[in-house]
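*Asks:* Sequence:
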Amino acid sequence: MAYSLNGDRGNMGKGFEELKVWQKAKDLAVLIYKITSDGKISKDFGLRDQMRRSAVSIPSNIAEGDERDTDKESVRYFYIAKGSLAELRTQLRIALEAGFLGKDEFAKIELDCSEIGKMLGGIIKHRKGEIRL
113 MAYSLNGDRG NMGKGFEELK VWQKAKDLAV LIYKITSDGK ISKDFGLRDQ
163 MRRSAVSIPS NIAEGDERDT DKESVRYFYI AKGSLAELRT QLRIALEAGF
213 LGKDEFAKIE LDCSEIGKML GGIIKHRKGE IRL
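Letter by letter, the sequence shown follows residues 113 to 245 of our numbering.
No lab work stands behind these hints: they were computed from the structure.
Using N, Cα and C, we set each Cβ at its ideal position, and we do this for glycine too.
Worth double-checking, as some hints may not be accurate.
As the list claims (entries may be wrong) - Mimicking BS3-like on lysine-lysine, the simulated pairs with C-alpha atoms at most 25 Å apart in a straight line are:
1. K230 <-> K138
2. K126 <-> K215
3. K126 <-> K184
4. K230 <-> K152
5. K184 <-> K146
6. K194 <-> K237
7. K146 <-> K240
8. K220 <-> K155
9. K230 <-> K194
10. K220 <-> K194
11. K155 <-> K230
12. K146 <-> K237
13. K240 <-> K194
14. K230 <-> K132
15. K126 <-> K230
16. K230 <-> K240
17. K126 <-> K220
18. K220 <-> K184
19. K220 <-> K152
To be verified - Derived CB-CB ranges, DEER-like:
20. E185 <-> K220: 19 to 25 Å
21. E129 <-> D224: 30 to 36 Å
22. D181 <-> G214: 15 to 21 Å
23. T182 <-> A219: 19 to 25 Å
24. T182 <-> G211: 44 to 50 Å
25. S149 <-> G241: 39 to 45 Å
26. E185 <-> F157: 32 to 38 Å
27. E222 <-> R165: 15 to 21 Å
28. K215 <-> S149: 18 to 24 Å
29. T182 <-> K152: 43 to 49 Å
30. D181 <-> K155: 39 to 45 Å
31. E179 <-> F157: 31 to 37 Å
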């Protein structure tokens, strides 16, 4: 089954691949790979690799959580995804302050991160039974 933007299960489909939050998180991971492939940040292997790991962890944990048998298990993985998102946001801030990212690029990515965080919060609340959609 798939979730709407807010985490509601809808029509039968491809599972996690139809989750809007997974799609946005996957797109963010692809973007992080692209921006860390060029410029100064591409030469800082530690930060570059950590950003990539954090970014990939977000959609990966969303997918794993959605495939779990119980809502309790799913929520655990969604919280892990949220933690990885916080890691990435920290690394992005460091990249900005170190001069590896421009302010406009940072602002766009930060907006995406904020939206993904809100979506994760929504799916967590839904799976915990705190909200009905």
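*Asks:* Work down the list of hints and note, for each, if the structure agrees.
*Replies:* Hints and how they fare:
no. : hint                      : verdict
1   : K230 <-> K138             : holds, 16 Å
2   : K126 <-> K215             : violated, 37 Å
3   : K126 <-> K184             : holds, 21 Å
4   : K230 <-> K152             : violated, 31 Å
5   : K184 <-> K146             : violated, 34 Å
6   : K194 <-> K237             : holds, 13 Å
7   : K146 <-> K240             : violated, 35 Å
8   : K220 <-> K155             : holds, 22 Å
9   : K230 <-> K194             : holds, 10 Å
10  : K220 <-> K194             : holds, 19 Å
11  : K155 <-> K230             : violated, 32 Å
12  : K146 <-> K237             : violated, 32 Å
13  : K240 <-> K194             : holds, 15 Å
14  : K230 <-> K132             : holds, 12 Å
15  : K126 <-> K230             : holds, 23 Å
16  : K230 <-> K240             : holds, 15 Å
17  : K126 <-> K220             : violated, 29 Å
18  : K220 <-> K184             : violated, 33 Å
19  : K220 <-> K152             : holds, 19 Å
20  : E185 <-> K220: 19 to 25 Å : violated, 34 Å
21  : E129 <-> D224: 30 to 36 Å : violated, 19 Å
22  : D181 <-> G214: 15 to 21 Å : violated, 44 Å
23  : T182 <-> A219: 19 to 25 Å : violated, 38 Å
24  : T182 <-> G211: 44 to 50 Å : holds, 46 Å
25  : S149 <-> G241: 39 to 45 Å : holds, 42 Å
26  : E185 <-> F157: 32 to 38 Å : holds, 35 Å
27  : E222 <-> R165: 15 to 21 Å : holds, 19 Å
28  : K215 <-> S149: 18 to 24 Å : holds, 20 Å
29  : T182 <-> K152: 43 to 49 Å : holds, 45 Å
30  : D181 <-> K155: 39 to 45 Å : holds, 44 Å
31  : E179 <-> F157: 31 to 37 Å : holds, 32 Å
The structure is inconsistent with the numbered hints 2, 4, 5, 7, 11, 12, 17, 18, 20, 21, 22 and 23, although it conforms to all the rest.
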